[in-house]
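Student: So the sequences go chain by chain: L and G.
Counted the way the working numbering counts, the first sequence spans residues 1 to 647.
Counted the way the working numbering counts, the second sequence spans residues 1 to 265.
Take the hints with a grain of salt, since some may be wrong.
[To be verified] DMTMM-like cross-link-like pairs, simulated, lysine to aspartate or glutamate; straight-line CA separation at most 20 Å:
#1 L/K373 - G/E198
#2 G/K50 - G/D138
#3 L/K57 - G/D153
The set of hints was computed from the structure by calculation and includes no laboratory data.
This structure is a prediction, so every number in the text was calculated from the model and none was measured.
Here are the chains, one letter per residue:
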Amino acid sequence: MIPFDRLNVWMKPLAALVAAALLSSLISSCAGTARGSRSSVFEHDRVLPVADLQMSKANALVVIRFPAIIHADAEEPYFHAFSINAIGGEVPPANRTKKVTTRIAQSVIAKSNYFVMSLYRELQKDLPENTVLLSPHIILWDRERGIYSRPILASEQIPSVVTVDFNVYSYPDTSALMDSPPVTFGDLVTPLFVVHSDHWVRPSTNGLLLSSEPLLEAAWDQSREQTASKLRSRLEFAPARDQRPLDFIAFLNSRANPGRSLPLKAVGDSGRDLLAVESYPVEKIQMNGALLENLSAESGLDPFAESFVRGAATRIIQTLNRVDHDRATFFSRQSALARFDPGLAVAVLAQAKDESVRARLQLAEALIEAERKFLAAQALSIYDGTYLGDYGVKMRQMIEGEYRLLENRRSMARKQNVTAAVAALALAGSIYGATASGAAGALSMQSFSGVLMLGSIWAMSSTLETRAESAEMSEHFLALIAPALERQISVQMEWLQSKERITAMGFAEFRNKTLTLYQARIRSMEVEFDSNCTFRHPAFTAPGSWYGGCRDGLADQRGYGVILDDAGNWVEFLGSAKGGLASGIGAMALGKSGQLGAAYFEGAFRDGRPHGIVRVEAPGEQPRIRAYVAGEDSGAAAAGQWRGLEL
Amino acid sequence: MTRASSLRHWGARLLLLSALLCGQAPLAAAQGAVDFERFETLPPGEQYRKLSLLLLVAGGVEPEFVEMLPAGEIEAGAISLELDDFVTPLVRIVNQEAMLASAARLFSFARERQPEIERRLTAIGRAHPILVSMIDIDEIVADAIIIRNSVADSIEYSGRVDDPQAPARVRAFRERTVYLRNMMEYNQFQKKLNAITEQAIVDLGGRLDAYQRMFDEEIDPELIERRVRSAEIMSAQTGDHFDEQAAMRTNELLMMLILMESEVR
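Please model the complete structure; the sequences and the hints are all you need to start from.
Tutor: The following block contains the structure:
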C-alpha cells in the first residue's frame, strides 16, 4: 500500500491534470453543443482565375438552384418528410409533429433564400458577366410523385457547365440540440451542397461531381435517372422532358438506398483526378461573431462568405477549370436548340460542318445568349430584392438576434461549467479524503460542505436545468419569432410568386419577340438527315437511333448514336461510323444495368469496338490511355499518341 | 444606299456606257485603277470605306485564284474598273476580260499591300473616330458581296479559264462570299436582338421595381425588428425564470443536505 503522504505528493499534479481535463471536457461537451467549425474544408482551396475556354458564348458557367418557396399543398408533406428524414439523427416520433419542427422546416427555406445569395454574389464577382444564373425552385406535392420541386425561372433551360444545388439545414428536433446536430441558427450555418453537370462530362459518375454526404444517394439516383431519361428521349427522337428536382427535396422524398458502394473521394483529396464523387462532410460552420454583432447595421458584412462561401466558390471555379466546357454543354446546348429549332438540334448532334448549319447555329446561339442575359438580369434582380432588399435586412436582424441569444447561452454555459468542474474536483478530493482517512474525510466533508459543496450542487442542478432550458429556450425563441418568420416567408413567397408571374410574362413576351426575329432571319440548311437510320453495337441485339450521315439505312460518317435495351443497358456514341457501327475517331459511353456509373472510351474505333489508342474512364479509377485491338485492352500507350474527339 | 453612292453609281454608269458606246476607254482610269495616291485625294470617311471594301473583296482569296485570272497590264483601249464600278449593274455587260483583269489587279494590290491598308485604316480610325463610327459596315459588306459575286460569275461566264482546278477554286471563293454574307446577316440579327434584349430587361426591371416599391410600402419595416427584440426579451425572462427555479431546487437540496448532515452529527 502506498503511504498517504507519498500519495498526497504525486496526487497533487494528478489532481491538477484531472481538474484541467475535467474542465476542458466539460466546457467542450456543453458549450460545444452550440458551436461549429470555424473553418470549412473548402477554406484551404487556392483561389484561381477562371479559364473560360468554351467555344460557345451561349452557355452559362454556373446555375445555382435552391428551395425558394413552397406550395400550400406541399407544406404538410414537406414538414413530415423533413422530420422523418433528419440529417444527423433520428427524431423520436413524438417530436415529429411538434409545431417547432414545422418552424424549423420553414426556416430552412427562408434561410436558404438568404444564404444562397452569398454564394451567388461571390461567384458572380469572379466569373464573367452574365454567366451565373439563379434558379429558385418551388416545392410541390402530388400523390404520384410525393414532394418534388420545379424551377420558377427558365434558367435551367440555358446550357450550363455546372449546376450547384444549395441550401442550409437545421436538425428538426430542438430537444436534441445539446447533442450537437447540424443547425443553422445565429452564427451557426450548416450548408448542404451538390455540384453536378451533364452526364457526358463524366459518365463514370453520371455527371455528379460533388455532394454533401447525406444527399449523396439521392443525388446519385437523380443523376442516373436524368441520364436514362435523356437517353430515352434521344432514342425516340423526342424532346427531353426531364426536370431534375432539387437534390435536397429528392433526399427528403425518398429514403436513402444504403448498401451501394458509390465511387467516392474526400473533398480536397490529393487524387482529384480519380473519377469519383467528392464527398463533402456535413459541416456546422461557426461564423465570425465579431462580424455578426452589427450585422443588421452594416449590410456590407458577410460573415458567411468569410467562413464558407469564398472557399466553396473557389472550389466551383476549380471544377470549372478542370472540366471540358464543350463536353459539359454539348448535349444541353442541343436540348436548348431543340426547343425552338429541332432541325438545327439534329444537325448539331450530327456534328454537321456545313456553312448553312454554322450560320444558323450562330443565330440560334445568339438567341440563347440573349435569353441568358435576360435571365442573368433576373438573377441580379432576385439578389437585389432578397439580399440587399427588405428581406435581407429582416434576415440580418433575425440572425443577429439569434446570435445574441446563442451568445447568452454560451456565456451561461461557460460560467456553469467552470463551477461544475471546480465542484467535481472538490468532490473527487472529498471522496479521496474519505477513503484515506475517516477523520480527514470528516474534515473534508466539513470544509467542502460549505461554499464548494453548495457550488457543486448548484452547478449540477443548474446544468441539468440548462439542458432542458436550452431546448425550451430555443423552442421559445422559435415560437416567438414564428409569426415574424411566417410573415417573412409568406411575404417572400408572395414576392417571388409575383416576381415569377411578372418575369414569366416578361420572359414569354421576350421569347416571342426573339423567336419571331429568329424565324424571319434564318435561311434553310443545306443538309438533310434520315430519321430512319440505324446505329448498332456488337454487344447489343437491339438496334439504336442515329443522328447523322446515313448510307443504306445504316449510320455512316459523323453523328450521334444511342441504344437502350429493355434490361436497362445502354450505349451512346458520338463520332464517326461506318456500316452502322462506330468506326473512326469518337467517344463512347457504356452503361450496364446494375452497375454504378458508366465506362467511357474516347479515341479510335473499328467495327463498333475500341481499336487503337483510347482514353478510358471507369468509376473510381483514374483516366488511362490504353492501346486496344478489336475491343481488347493490349496495354498502356503514350498520351502523345492519343487523338480525341473534337466537338 | 446613300445619295452620294447612288450619284457615284450613276457617274460610273455613264462612264461605262460612254465607253461601250464609243468603244473607247479613259486611259487614265486604265492605268491608275488602284493606288494609294488616288485614295489620298478622297475625304477620310470615303478612304476608310474604300480601303475596307478592298480588304473584304479580296478576303480569303488564294494566290492560285488570282493566278487563274488574266494577268499583266490592261491592254490599251480596254476599260479598267474601279472598285465601286463593280457594284453597278452595267459591270455585267462590260467585257469579261477587262473585268477579270481589273479584279486581278484589285486582288493583287489588296494582298500585297494588306499591312499598309490595315495601317491606314487604323490611322483614319484614330484620327476621325466619330466619322468612322458613323460608317455603315453592313453597306460595305453588301458591296463586297456584290463585287465578289460579279467576279465569280464572270469567271464562269468567260469560259477562258482552262485550269481543271478552276471550278473548285471558284466554289471556294463563293463559299467565302456566303460566309461573308452570313456574317453580315448575323451582325444585323445581333443588333436587332440586342435591342430587343435591352428593352426587355429595362421593361421588366421597371415592372419589378414598381412591384418592389408597392411591396416595401405595404409591409411595416419595423415589424421583424420588434419581433426579434420581443423574442430576445422574453427568452431572457425565460432564462431568469429557469435561474429562479434552479435556485429554488438548490435551496431544497441544500436544506436536505443540512438536514442529512444534522442527522449524521
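Student: Please flag the earlier hints that this structure goes against, numbers listed from lowest up.
Tutor: 3
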